[in-house]
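Asks: Letter by letter, the chains look like this.
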Amino acid sequence: MGQMIFITGGARSGKSNFAQQLAEKHKGKLLYIAPAEAEDDEMLRRVRLHQETRGERWHLLEEPLWLADKLLESAPGKGAILLDCVTLWISNLFFHFEEKQGPILAEVDRFFELAWQLDEPLYLVSNELGSGIVPDNPLARHFRDLAGIVNQRLAAAADDAWLVVAGLPLKLK
Amino acid sequence: MGQMIFITGGARSGKSNFAQQLAEKHKGKLLYIAPAEAEDDEMLRRVRLHQETRGERWHLLEEPLWLADKLLESAPGKGAILLDCVTLWISNLFFHFEEKQGPILAEVDRFFELAWQLDEPLYLVSNELGSGIVPDNPLARHFRDLAGIVNQRLAAAADDAWLVVAGLPLKLK
Amino acid sequence: MGQMIFITGGARSGKSNFAQQLAEKHKGKLLYIAPAEAEDDEMLRRVRLHQETRGERWHLLEEPLWLADKLLESAPGKGAILLDCVTLWISNLFFHFEEKQGPILAEVDRFFELAWQLDEPLYLVSNELGSGIVPDNPLARHFRDLAGIVNQRLAAAADDAWLVVAGLPLKLK
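Residue numbers (this note's numbering), protein chains in the order written: chain A, 79 to 251; chain B, 79 to 251; chain C, 79 to 251.
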């Protein structure tokens with residue numbers, strides 16, 4: 079039975095760094111799951127940059143959509159798993175499933191049911207998107223709602239939850 | 079003499095649900111005030127959806143602008159009152175009073191002076207709007223300022239105040 | 079050896095007011111550094127408004143870019159210094175240095191190295207920009223990243239750090 083630790087914060091709040099430090103306290107192999115789309119240059123640059131700042135203990139898994147399938151193949155058996163970030167994954171699913179909330183949430187649930195069966199703790203990095211002005215764009219509003227719903231679901235299920243602000247963690251749970 | 083509890087958070091942060099749970103701890107009638115504009119379909123859908131997730135103890139009052147007048151007519155005398163959300167109400171007043179801060183704040187104060195005289199505790203749900211990038215649109219900046227000023231005023235007057243993040247409450251006061 | 083206190087929050091969260099109250103606990107001269115551009119009317123109005131709400135103990139220094147140089151000339155020798163806000167200063171540097179992160183961070187570091195040598199405590203007010211929806215505009219994304227990186231740096235170096243929400247402070251550190 080795994081453990082789930084939820085870490086959220088704004089863009090560049092230091093949430094990834096905080097999550098990495100927590101994960102690195104575990105002995106054994108560390109698996110970093112990046113739900114990156116290879117086509118997105120800016121994102122890929124970020125993932126690579128993140129990879130350089132992580133040490134040799136980290137193994138990188140890049141998969142934009144089917145994290146559940148890849149998780150079973152790649153789970154290290156020992157150590158810890160870090161998914162960075164949930165919001166990017168949700169965004170990929172949002173476009174793949176043409177904004178339909180049902181199949182997106184089903185895929186999220188499938189992933190977390192598998193994750194519970196692993197021995198390794200799972201660190202989830204997510205984003206706060208809902209504290210700015212209401213977006214003009216209905217698609218952006220829709221995505222913002224979905225991301226918030228997923229965050230609530232994950233935080234409710236998590237063993238621990240943190241909000242990171244300016245690199246400093248506030249314990250939510 | 080009533081009690082005032084202020085609850086803020088981003089969009090889909092779980093703030094409404096948290097506020098409802100607090101209000102439902104009170105015995106007696108529960109009054110839910112939705113400052114909804116019937117013309118806004120998306121909003122109306124949300125209000126109706128919220129209504130379905132609330133139980134039978136809840137009574138709904140829909141009034142876009144004149145909450146103070148309606149509050150006196152509708153106060154249950156026992157139980158609790160939930161206003162969800164302050165930011166939508168402020169937004170309605172903002173358009174009604176053509177962005178003039180003075181009459182908007184006067185109407186807000188009028189409401190809260192009445193609320194203090196009630197026996198029921200008043201739960202106020204509000205929104206965090208100010209933690210995104212500065213909006214290009216001067217009207218959006220102006221509204222964001224107003225919403226922030228109102229939040230400060232209400233939180234200062236409140237007996238308790240909470241920030242909800244990913245469904246989890248942080249005690250502000 | 080000075081002391082550094084970092085205070086962040088959204089727009090109109092009450093962060094400036096909270097910082098001023100902390101600074102006013104110190105005896106002696108109080109220096110308020112506003113990194114304002116005189117050309118920006120809205121900003122200038124805000125600075126002047128802020129000035130009216132501050133008392134006579136406050137002295138105002140307006141300098142959009144070269145805070146380090148002006149700090150040495152203007153440090154009161156006793157009392158406290160308030161920089162309000164870091165994000166506006168970073169924004170001025172961002173345009174001055176044509177978005178190049180290296181020279182911006184170098185100028186930030188130069189300022190804080192000088193600040194450490196002062197006797198007065200330095201109160202830094204900064205903005206949360208990263209908790210809204212991802213901006214469409216690459217320049218806005220770039221600035222948001224920079225502002226977040228600077229906030230992390232300052233909060234890490236600070237003796238105390240606070241997040242202000244609806245006028246109420248949450249202790250980060």
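Keep in mind that the hints are not guaranteed to be accurate.
Which copy is meant is left open, so a pair is good if it fits within one copy or across any two.
Mimicking DSS-like on lysine-lysine, the simulated pairs with C-alpha atoms at most 30 Å apart in a straight line are [stated by the list, open to error]:
#, residue 1, residue 2
1, Lys-105, Lys-178
2, Lys-156, Lys-249
3, Lys-107, Lys-178
4, Lys-156, Lys-107
5, Lys-178, Lys-249
6, Lys-156, Lys-178
No wet-lab data here; the hints were simulated from the structure.
Asks: Can you give me the call for Lys-178 and Lys-249, within, between, both or neither, at a CA distance of at most 30 Å?
Replies: Neither, since 32 Å and 35 Å both go past 30 Å.
Asks: When no copy is named, should Lys-156 and Lys-249 be tagged within, between, both, or neither for a Cα gap of at most 30 Å?
Replies: within (26 Å within a copy, 36 Å between copies)
Asks: At 30 Å max between alpha carbons, let me know whether Lys-156 reaches Lys-107 within a copy, between copies, both or neither.
Replies: within (6 Å within a copy, 53 Å between copies)
Asks: Taking 30 Å as the upper bound on the Cα-Cα distance, should Lys-105 and Lys-178 be classified as within, between, both, or neither?
Replies: Neither. Shortest intra-copy (39 Å) and inter-copy (39 Å) distances fail the 30 Å Cα cut-off.
Asks: Can you give me the call for Lys-107 and Lys-178, within, between, both or neither, at a CA distance of at most 30 Å?
Replies: So Lys-107 and Lys-178 fail the 30 Å test inside a copy (36 Å) and across (37 Å) alike.
Asks: Treating 30 Å as the Cα threshold, decide for Lys-156 and Lys-178: within, between, both or neither.
Replies: Neither way: Lys-156 and Lys-178 sit 35 Å apart in one copy and 42 Å across, limit 30 Å.
Comparing the model with each numbered hint stated earlier shows that hints 1, 3, 5, 6 do not hold.
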